[in-house]
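What follows is each chain in one-letter form.
2 protein chains.
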Amino acid sequence: MRQSQLFTKTRRDAPKDEVTRNAELLIRAGFVHKEMAGVYSYLPLGLKVLTKIENIVREEMNKIGGQEIRMATLHPSEPWKQTGAWDSVDVLFKIQSRTEKEYALGQSEEEIVTPIAREYVQSYKDLPVAIYQIAQKYRDELRAKSGIMRGREFGMKDMYSFHASEEDFARYYHIVKEAYLNIYRRCGLNARATEASGGAFSKKISYEFMVLTNTGEDSVVYCNACDYCVNSEVAKEKAGDACPACGKGDLKSAKAVEAGNVFDLGQRYPKVFHFTYKAEDGSDNYPYMGCYGIGTTRLLGTIVETNYDDKGIIWPESVAPFKIHLILLGGPGDEVTAEAERLYKGLSNRGVEVLYDDREGKSAGEKFQDADLIGLPLRAVISKDTVQKGKVEIKKRASKSAELISPEDFLNIFHD
Amino acid sequence: MRQSQLFTKTRRDAPKDEVTRNAELLIRAGFVHKEMAGVYSYLPLGLKVLTKIENIVREEMNKIGGQEIRMATLHPSEPWKQTGAWDSVDVLFKIQSRTEKEYALGQSEEEIVTPIAREYVQSYKDLPVAIYQIAQKYRDELRAKSGIMRGREFGMKDMYSFHASEEDFARYYHIVKEAYLNIYRRCGLNARATEASGGAFSKKISYEFMVLTNTGEDSVVYCNACDYCVNSEVAKEKAGDACPACGKGDLKSAKAVEAGNVFDLGQRYPKVFHFTYKAEDGSDNYPYMGCYGIGTTRLLGTIVETNYDDKGIIWPESVAPFKIHLILLGGPGDEVTAEAERLYKGLSNRGVEVLYDDREGKSAGEKFQDADLIGLPLRAVISKDTVQKGKVEIKKRASKSAELISPEDFLNIFHD
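Chains W and Z are the protein sequences, given in the same order. For the first sequence, our numbering assigns the number 1 to the initial residue and increments by one for each residue that follows. For the second sequence, our numbering assigns the number 417 to the initial residue and increments by one for each residue that follows.
Quick caveat, the hints were computed from the structure, so don't treat them as lab data. Please note that a few of the clues may not be correct.
List of simulated lysine-lysine pairs, BS3-like, C-alpha gap at most 30 Å [as the list claims (entries may be wrong)]: (1) W/Lys-16 with Z/Lys-694; (2) W/Lys-125 with Z/Lys-761; (3) Z/Lys-778 with W/Lys-278; (4) W/Lys-362 with Z/Lys-541; (5) W/Lys-94 with Z/Lys-450.
Use the sequences and the hints to build the structure in full.
Shown next, in the form of C-alpha cells:
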C-alpha cells in the first residue's frame with residue numbers, strides 16, 4: 001500500500017490519559033482510535049494486525065475440529081435469567097428496549113451456545129462437538145484499565161465443547177492446550193499454562209495461559225526445564241528452588257499477562273437448559289461442557305507490551321500489518337523514485353505485503369521516525385546513494401545495523 | 417468437510433413463527449438459529465455464506481480505494497447528543513452503565529467516523545478519503561419482520577467518504593454505484609439503482625439499490641433497454657409506457673427488495689464536529705460527506721428469497737457454502753465408500769470446497785432431500801451403480817437432469 005493513500009498519520013505526542021505502553025504506542029502509530037475509556041476503534045493498520053491474529057486463532061481452532069459460528073451479541077434476557085447470571089454477573093450490560101423487553105449484551109456465550117447445541121445433539125454419536133466464534137464482547141467494567149487489554153468492548157475467541165464424559169473433556173482440554181500454545185508461539189509470545197482458581201460459576205479447577213513479559217500485571221514461578229508454571233500468589237516454592245514437577249530444573253520468576261483461560265463447566269449449563277443426549281445404553285445424560293477463551297484484542301496489546309523499544313513497536317513477522325516498509329528518499333520524476341516504484345510493483349506482484357512510503361515533503365528523519373514507530377519487521381531505503389551503488393539498504397527493525405543488497409535479492413527476500 | 421462432522425442437521429418442520437421463506441429455509445437447512453424476533457446466530461453453513469458475501473463486498477470496496485477499519489459498536493453518548501440523534505433516532509438502543517454513564521449501540525457510525533476522520537484530515541491533500549467497516553449493527557425496532565432481512569441485530573457494510581467539494585462527492589458516488597452493482601451481480605442478483613426520498617437527516621436526494629425479485633416488499637417500474645428505474649410509489653409512468661429516460665425501451669414493473677442505499681450528507685456532520693480542512697487557497701472549509709450502506713445479512717436473505725424452489729435453497733456458486741455436495745450411497749468398507757473417499761480427498765487436494773455426505777444410517781432419499789434443502793450448486797452421487805459403470809453421477813441443483821461423467825473429469829470439474 002502507498003503510505004500517501006493511508007488515511008492515518010503518526011502522532012508525536014502521547015495521549016495524556018493513556019498510561020499503558022500498548023495504547024500509547026498504538027494510538028501514536030495510528031493503529032487504534034480511542035472512543036472512550038476501555039473502547040477503541042481499529043484503524044487500517046490495527047485491523048490488519050487484528051485480522052492476522054484472528055486468522056492464526058481460526059486456523060488453530062479449525063485444526064482441532066472447532067466449528068466456527070457467529071452468535072448474536074444482543075441476547076434475550078430469558079436464558080440469562082434461567083442461569084441466574086442476569087442478577088449475579090455484575091459486568092453484564094442490560095438494555096431496556098422501547099418494547100419493554102430486556103436484552104443483555106454478550107460477555108460470554110454459554111447462555112446462547114448451550115441451546116444451540118441442544119438443538120442438534122441428540123445422541124452420543126453427536127458428541128464430542130466443539131463450537132467457537134470470534135466476536136465482540138462487552139463488559140460493564142467499573143474502571144477500564146490496561147489500554148486495549150481490558151476493555152468495555154473487546155474482541156474474543158470463545159469456544160465451547162460438549163462431551164459424553166468428564167474424561168473426554170479432559171482429553172480434549174489437552175488438545176486445546178497445545179493449540180493455544182501454538183497460537184502464542186505463532187504470535188511470537190512465550191506462554192505457559194498454569195492452574196488457576198475457578199471462575200464465576202465453576203468450583204472446579206480451571207487453567208490460565210500466562211505470557212511472560214516484563215510488564216505483566218501478574219507474576220509466575222516457572223521451571224526452566226519442564227512446563228511447570230504457577231501463579232506466584234499460590235506457589236509454594238520460590239525462584240531458585242528445585243522444580244517440584246520434574247525435579248531437574250530450577251524455578252525462575254517472571255511477570256506475566258493472562259492471555260487465555262479454560263473453564264471446566266461440568267454439567268451446569270446442560271442441566272439448566274434441559275439438554276440431554278441418548279447414551280449408548282439408552283439412558284438420557286447431560287453432556288459435560290468446557291469453555292476456552294482467548295482475547296484477540298488483548299493478544300494484540302500483549303504483543304505490543306512484549307515487543308517495543310524507545311522508538312516504537314517491533315512487530316513479529318507473523319502479525320505485522322506489512323512485511324516491509326519501503327522508504328523512498330527521492331523527488332518526483334527522479335531516478336530514485338523510478339527505482340522505488342519498480343521495486344514496489346515487483347514486491348506487490350510477488351504478493352509481498354509492502355507499505356511504500358511515497359509521501360512527498362517528508363524528510364528522511366521523519367520517514368525513519370515513522371518507520372520505527374509503526375514497527376514493520378524490515379525497513380528498505382531507496383535513496384540517491386543506494387541507486388548510485390545499484391543496491392537497496394535493508395535493516396531489520398529489531399537490529400541496529402543496515403546492509404546493502406542487490407535489488408534482485410531484495411525482490412526475492414521473502415521467497416528464500 | 418465431512419457431513420458426519422458437521423454439528424448442524426436439517427429439520428423437516430418449518431418453525432411456526434417464521435412466515436418468511438428466507439428464515440424458514442435457512443433454519444430448516446441449519447444455516448441460522450433464531451435467538452429471538454429479529455436476532456439470529458449464524459451456524460457453520462450460514463457463516464460460510466456470510467463470509468463469502470463479506471469478502472465480495474470487501475473486494476469491491478478495496479478496489480475503489482475504501483480503507484477498512486473496525487469501529488466500536490459500544491458508543492459514548494456524547495457525539496450522539498452533539499448531533500441530536502440521541503433524542504431524534506427512535507431505533508437507537510441506549511444503555512445505562514453501572515457507572516451512571518450512558519452508551520449507545522451503533523446503528524450507523526457517522527457519530528464515530530467523523531471524529532476519526534477529523535483526527536487525520538488536515539489539508540485538501542488528504543481528501544478525498546473513503547473509510548468503511550463490515551460489522552454488526554443494532555436497531556431497537558418496534559417489530560422485527562422479514563426474517564433475517566430486517567432485524568434488531570444485523571450485519572452491514574457501511575462506508576463514509578469525505579470530499580473537498582460536492583462535485584467530488586458526485587464523482588465518487590458514481591464509482592460506488594458501479595461497485596455496488598458489481599456486488600449484486602457477483603451475488604447472482606439483478607439490481608437497479610433508483611432515486612429515493614431522503615433519510616432521517618438528509619433533505620437531499622438519496623439513492624436506493626433495488627433487487628428485482630418475486631417476493632419483494634417494494635415495487636419498481638424499470639426500463640428494459642436502459643438503467644432507468646423508479647419506485648412505483650413515485651413513478652409518473654406505468655408498465656407498458658415508453659421509457660422517459662432513453663425513449664427506446666418499454667417500462668416494466670417488478671417487485672423488489674431494497675438492498676443498499678446512498679446518502680448525500682453534505683457538510684452536516686463535519687459542521688457538528690468542527691471538522692475543517694485547509695483548502696488550496698488557505699481557507700478553512702468543511703468537507704462534504706457521503707454514506708453508503710449495504711446490509712450483508714440482508715443480502716444473504718435476499719439471495720435466498722430469489723433462489724429457491726419447493727425443495728429448498730439454490731445457492732449461486734459465488735456464495736455457496738461449498739461448491740459440491742458429494743453423496744456416498746455405500747456402506748463401511750465397501751468399494752463404493754473407497755471410491756467416494758478417493759474422490760473426496762482428490763477434490764480437497766485440488767482446493768475444491770466439498771461437503772461430503774459420509775453419514776451412515778441415512779437412506780438415499782434422506783440424503784437427496786437434505787442436499788436439495790441445503791442447495792449446493794452441484795450434487796455428485798457415488799453409488800454401487802455408478803462405481804460399476806466407472807462413472808460419477810452429477811446434477812446441478814437448478815437442473816432436473818443428471819448425467820454420468822468419468823471420475824477424472826469430475827475431479828477437474830472446477831478446473832476447466
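| task | May I ask which of the numbered hints given earlier this structure violates, with the numbers listed in increasing order? | result | none
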